[in-house]
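Undergrad: Each chain, letter by letter, is given below.
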Amino acid sequence: MAGVSSPPPMDEKAKRTRDLLASFYTNTSNSNSAAPSSPSAASNLTPRSPSSLDSINSPSFDASSYMSLLVQKSNLEGLLQKHVQMAAEIKNLDTDLQMLVYENYNKFISATDTIKRMKSNILGMETNMEQLLAKITSVQSKSDSVNTSLFEKREHIEKLHRSRNLLRKVQFIYDLPSRLNKCIKAEAYADAVRFFTGAKPIFEAYGDSSFQECKRASEEAINTVIQNLQEKLYSDSEPIEARAEAVVLLKQLNFPVDNLKTSLLEKLEDCLLKLEDESKDVSVGEISKTFRAYLIIFPDSEQRLIELAQGLFSRRYDAVRDQLKKRMLSVDLLELLGIIWEDVTTVDQVLPEAALPAYSLESTCSSIRQHISIAFSHLQHEISDAVAGSQSKSNEGRDELDLHIVLENSKKAAMQGSLDLLVELRQFFDEKLELLPKLRELITDWVQEGFQEFFQNLEKHFILLSGSSTNNCHLGESNHSGVLTQSPDKLPTGLVLVLSQLAVFIEQSVIPKITEEIAASFSGGGVRVYEYGPAFIPGEICRLFRSAGEKLLHLYINMKTRKISVVSKKRFTTPNWIKHKEPREVHMFVDILLQELEGVKIEVKQILPCGVIKRHRNSDSVGSGSTNSSRSHPNAMREDKLTRSNTQRARSQFLESHLAKLFEQKMEIFTKVEYTQESVISTVIKLCLKSLQEFVRLQTLNRSGYQQIQLDMEFLKAPLKQLVDDDDAAIDFLLKEVNNAAHERCLDPILLEAPILDKLISAKLVKNKDLSASPL
Amino acid sequence: MQGASTGIVYGGLKYQARCIADVRADPDHTSFLAGTLSLKEENEVHLIRLSPSGNELLCEGLFYHQNEIWDLKSCPYDARILSTVYTSGETYGASVWKIPEISSQSNSPQLDQLVSLDDHTAKIKSVLWWPLGKHDKLVTIDERNIFVWSIDSSNKIAKVISQESVGMLHNLSGGAWDPHDRNAVAAICDSSLQCWDLRTMKNANAIEHAHIRDVDYNPKKQHILATAEDEFGIRLWDLRMPKIPLKDLPGHSHWTWAVRHNPEYDGLILSAGTDSTVNLWQVSVGSEDSAIDSPRDKRSRQIDPLLNSYTDYEDSIYGIAWSSQDPSVFASLSYDGRVVVESVKPYIQRK
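Protein sequence lines, in the order shown, are assigned to chains A and B.
Under our numbering, think of the first position of the first sequence as -18, with each following residue one higher.
Under our numbering, think of the first position of the second sequence as 6, with each following residue one higher.
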């Protein structure tokens, strides 16, 4: 209500007038429109029940109750004010009503004037109308008479015209054969076909009777047309548009075009097959032209053409893959792929729907990938051939295997081979082939992956070659062993050493070099999922080869010692030591032992570098264990002790050795093996002597047996020291250990007298000299 | 990995010695029997007991044994019964002995000989008791034959039930009795490990592999056994797949002489070698997940199976024995007669 009272007085006045008028005409009350009539009164007097007081315009308005309420609620001043206000309102209403009445009356007068004027205007019109009707009737009658008079002539003309048309048609049909022939001569086949198809319904209707002759002739003609059209279609020299037109015409003649299409496509297929056989006979450019032509000629043949094109290229990629199986150079591969790629782009311009570039990219990827993996497997073969292949050579010819040459060869194979491979693979980047940049990252990854796998496989291969792999055998390596040229256990021990040294070489030289090269030209990549990191992890490979090298070195030592151990075992388990006869000469087992050791030395000398000569140091021990079985005092074997009674002697001996241990320097036997000649030889010898000691401990000897061992050990002393340049102390110690063991296990330990010992040894030396001097 | 000398040393053996055995039938103490190997002296069998405080080894008994002892086993169901294999010069023999009641006046009594197992025609290598308890049979192995004895210790009777020769070509050197199967014995032969079925006395199964020195069944898992050998150190086998070993352990710098499974903790293996070390290994042999799962396999490969190397010895070690009373304790015997008892507790907890 506050909103309603606020607008300016002019509006309020107009509104009020309108409201009043509305109430006057409709005679219905509207509380909303009535409300503003006494806004001040309502708000002033009875705010609590506005409806009863405000609705002065409503039918339920009770003047007396309004009055009484007003009187009750208001004071005198208020009532006076109200009175004045009401008086003014009533006066206003009066003037409004007067105005309304006057306006209405005015309108009524003007309406009466208008009606009067209309009536006077209509009076003259009727006569004009009647005149018009008469004139129109006369016109109609005249037109009818003209029409009837001309009817006859018109009919005649129409009839003449019809017969003329018919005659023309008949003439056309009679002329058709000659016309067709004319068309054929002019090669206007389109016209010929149009004529023929035009005449066709007539031939169908009357061909059997009146136009028989005509029909035959024109059919002949049209057959010629068909033939010509077919020729046109088959001939490649014709312009494509003409050929396409020919097809359309043939189709109009209801000729079975589909057969034509299939035969043509078959021809094309043959042509494509021929393309593979003699690759230069038909160029792909022509093929692509043919494709385009066919595409235009047979718009519905696209699917088939796509198949053909895809077939063509899949065959070509297959051929590439077949070629890949043989070793081929990257350049050749690139050339091949380049040619194919060009062809693909040519065909693609014609047949974009075949999605050939995508297919080609995929195939190129797989070809390159295959190429890389084949290259790596070839490299592996080369290296293993360098190692193992030499063996077969040696089997044929010399017995003596020149291990040094084998090592150098295989080193070269490993280093040069992998570098060459890198150089070759780098050509993938140099080549300006369009699709290769897209593959750059992929290729990088493949090369890195390839190297990673290559080295891993190489390591496995080494282990397998060495014949020590046991657990790994069944981890899917059966396929590897199938590739292997010889069974692993035939590998001579020397080659194990070669492999070991090769592993060290790979770890120390090849891998850093390769890492460098890869960083230089195959860095990046990273299309692979990141969580796997870069594909080529030199650290891991280095670790692998380091451990492989050590493993192989230990294996070599192990194999050598095992061989000697077998000999020793036979030596110590066969004779009955308790009933051993007096020693007459140095046992021939010593010769075998020395021969084996000499063999080790020859092999080692060829392969391993000379170590820095150093005296045996205790600090060398890397904790693989120190042994010191009864580190005997130098005097422990003095003869005066041996003269004591048995019991006393044994007891005292035992105590003595215990005591001696306290004083004598601890001797290290099992030191870490290094990649040097001395280290390997001395390790082998130490292990052998230790084995001898253990074998002796398992026996019980009589005096002669003891003396025999004493003699053998004494004899061994000099040659062993010759073999081991730097570690005399260890040899002395271990030989003494063997003697001690024999002493412990002897029922009656009395040493051989020194002169006899010397005599027997010198006899043996002389004998050996004789043997080596006399030709075999 | 220089092993700190944490072991408890028993220096009571005055002569060289090879054999030590756990006294399984003694439920209250950690006890071991050790026998000496002296060619010229009267040999001794020592009953060694770990003191209750666990930091001292006490000699509970010292018994004279005429001949040098090459093999010694304690009866698994009677703490006072033991078996020895002995030689003296050219003669050899095997006997079952009873430790006499320990009386104060005699400080080194003789052992009572219950039974002499003297039907052997070749050099006896070892006597086997069924390892897990009372069983009235005994197996002895000599170089050519396997004997099964029926033994009645109370009546001092031993009878040969069956005997089978392996032929002249083979040379038996020892064996082990399957704790899971009373009818299976593994015998070490020159060129193979043969598994004998005692019911038929036939060679049922063989691991064709040369130069095995020692064999031990896994007491927790049937069909699994460990061998110690020259060539490959220690190998674990599943008898159902005798072609390929389950696992290889590098073993020792020189010969690996003995190998023993821990009686309680699965995968804990002890080995002793002539390089004067005792090695403690941790190997998990889940026969199912044998290296099929490659990433897991890789990870397990990175873990060094060698838990510790005990190097504080002066001479080759031929005898090791786990205590069955306290499975975290083992005794080792080096050739110079020193018995060292070590606890492997720190390494078990690490697992």
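Think of the hints as simulated: they come from the structure by calculation, not from any bench.
One or more of the hints may lead you astray.
[What the hints assert, rightly or not] Restricting the straight-line Cα-Cα distance to at most 27 angstroms, the calculated cross-link-like pairs of lysine-lysine (DSS-like) are:
#	chain 1	residue 1	chain 2	residue 2
1	B	LYS225	A	LYS550
2	A	LYS560	B	LYS128
3	A	LYS698	A	LYS562
4	A	LYS653	A	LYS586
5	A	LYS745	A	LYS560
6	A	LYS551	A	LYS494
7	B	LYS207	A	LYS560
8	A	LYS134	A	LYS163
9	A	LYS750	A	LYS740
10	B	LYS139	A	LYS562
11	B	LYS225	B	LYS207
12	B	LYS139	B	LYS45
13	B	LYS103	A	LYS544
14	A	LYS166	A	LYS123
15	B	LYS164	B	LYS142
16	A	LYS150	A	LYS116
17	A	LYS544	A	LYS740
18	B	LYS164	A	LYS550
19	B	LYS248	B	LYS225
20	A	LYS72	A	LYS150
21	B	LYS248	A	LYS441
22	A	LYS551	B	LYS139
23	B	LYS139	A	LYS550
24	A	LYS562	B	LYS142
25	A	LYS544	A	LYS393
[What the hints assert, rightly or not] Take a look, some chain B residues computed to stay more than 12 angstroms from chain A by CB distance:
#	residue
26	SER43
27	SER93
28	GLY94
29	PRO105
30	LEU116
31	HIS140
32	ASP195
33	HIS259
Quick caveat: nothing in here was measured; it's all calculated off a predicted structure.
We put the beta carbon where it would ideally sit given N, CA and C, even for glycine.
Undergrad: The structure should be examined with respect to each hint, and the outcome stated for every one.
TA: Results for each hint:
Taking the CA atoms of LYS225(B) and LYS550(A), the gap is near 35 angstroms; set against the 27 angstroms cutoff, the hint is violated. As the CA atoms of LYS560(A) and LYS128(B) are separated by approximately 16 angstroms, the hinted pair is consistent with the 27 angstroms bound. A hinted pair counts as satisfied when its Cα atoms are at most 27 angstroms apart, and LYS698(A) with LYS562(A) qualifies at roughly 23 angstroms. Between LYS653(A) and LYS586(A), the direct Cα distance comes to roughly 19 angstroms. Compliance with the 27 angstroms bound is thereby established for this hinted pair.
Between LYS745(A) and LYS560(A) the CA atoms are separated by roughly 23 angstroms; this keeps the pair inside 27 angstroms, and the hint holds. Restraint check for LYS551(A) and LYS494(A): not satisfied, since their Cα atoms lie roughly 49 angstroms apart, outside the 27 angstroms limit. Restraint check: the Cα-Cα separation between LYS207(B) and LYS560(A) comes to about 36 angstroms, which exceeds 27 angstroms; the hinted pair is violated. Between LYS134(A) and LYS163(A), the direct Cα distance comes to roughly 41 angstroms. Violation of the 27 angstroms bound is thereby established for this hinted pair.
Of the pairs offered as hints, the one joining LYS750(A) and LYS740(A) holds, with about 15 angstroms between alpha carbons and a cut-off of 27 angstroms not exceeded. Between the alpha carbons of LYS139(B) and LYS562(A) the distance comes to roughly 48 angstroms, so the proposed pair goes past 27 angstroms and is violated. Between the alpha carbons of LYS225(B) and LYS207(B) the distance comes to roughly 25 angstroms, so the proposed pair stays at or under 27 angstroms and holds. A C-alpha spacing of about 36 angstroms is found between LYS139(B) and LYS45(B), which places the hinted pair above 27 angstroms, so the restraint is violated.
Between LYS103(B) and LYS544(A) the CA atoms are separated by roughly 44 angstroms; this puts the pair beyond 27 angstroms, and the hint is violated. Simply put, LYS166(A) and LYS123(A) have alpha-carbon atoms about 62 angstroms apart, too far for the 27 angstroms limit, and the pair is violated. At roughly 9 angstroms between alpha-carbon atoms, LYS164(B) and LYS142(B) fall within 27 angstroms of each other, so this suggested pair holds. Of the pairs offered as hints, the one joining LYS150(A) and LYS116(A) is violated, with about 50 angstroms between alpha carbons and a cut-off of 27 angstroms exceeded.
Distance restraint check for LYS544(A) and LYS740(A): the Cα-Cα separation of roughly 31 angstroms exceeds the 27 angstroms cut-off, and the hinted pair is therefore not satisfied. Taking the CA atoms of LYS164(B) and LYS550(A), the gap is about 35 angstroms. The hint is violated against a cut of 27 angstroms. Only pairs whose Cα atoms come within 27 angstroms are accepted, and LYS248(B) paired with LYS225(B) is accepted, the gap being roughly 22 angstroms. Restraint check for LYS72(A) and LYS150(A): the C-alpha separation of about 104 angstroms exceeds 27 angstroms, so the hint is violated.
Of the supplied pair hints, the one linking LYS248(B) and LYS441(A) holds, its CA atoms being roughly 20 angstroms apart against a limit of 27 angstroms. For the suggested pair LYS551(A) and LYS139(B), the alpha carbons sit about 40 angstroms apart, so the restraint of at most 27 angstroms is broken. Annotation: proposed proximity of LYS139(B) to LYS550(A) is violated, straight-line Cα distance about 39 angstroms (limit 27 angstroms). Between LYS562(A) and LYS142(B) the CA atoms are separated by roughly 42 angstroms; this puts the pair beyond 27 angstroms, and the hint is violated.
With a C-alpha separation of about 31 angstroms, the suggested pairing of LYS544(A) with LYS393(A) is violated against the 27 angstroms cut-off. Listed as a non-interface residue, SER43(B) fails to keep its Cβ farther than 12 angstroms from every Cβ of chain A; the least gap is roughly 7 angstroms. Listed as a non-interface residue, SER93(B) fails to keep its Cβ farther than 12 angstroms from every Cβ of chain A; the least gap is roughly 9 angstroms. Taking the minimum C-beta to C-beta distance to chain A, about 6 angstroms, the non-interface status of GLY94(B) is violated against the 12 angstroms cut.
For PRO105(B), the condition that its CB be more than 12 angstroms from all CB atoms of chain A holds, with the nearest at approximately 25 angstroms. Here LEU116(B) stays apart from chain A, with its beta-carbon at least about 21 angstroms from theirs, past the 12 angstroms limit. At roughly 30 angstroms, the least C-beta separation between HIS140(B) and chain A is larger than 12 angstroms, which holds for a residue marked as non-interface. A beta-carbon of chain A is positioned within 12 angstroms of the beta-carbon of ASP195(B); the least distance is around 10 angstroms.
With a least beta-carbon separation of about 5 angstroms from chain A, HIS259(B) fails to lie farther than 12 angstroms from that chain, contradicting its non-interface assignment.
In this structure, the earlier hints numbered 1, 6, 7, 8, 10, 12, 13, 14, 16, 17, 18, 20, 22, 23, 24, 25, 26, 27, 28, 32 and 33 are contradicted, and the remaining ones agree with it.
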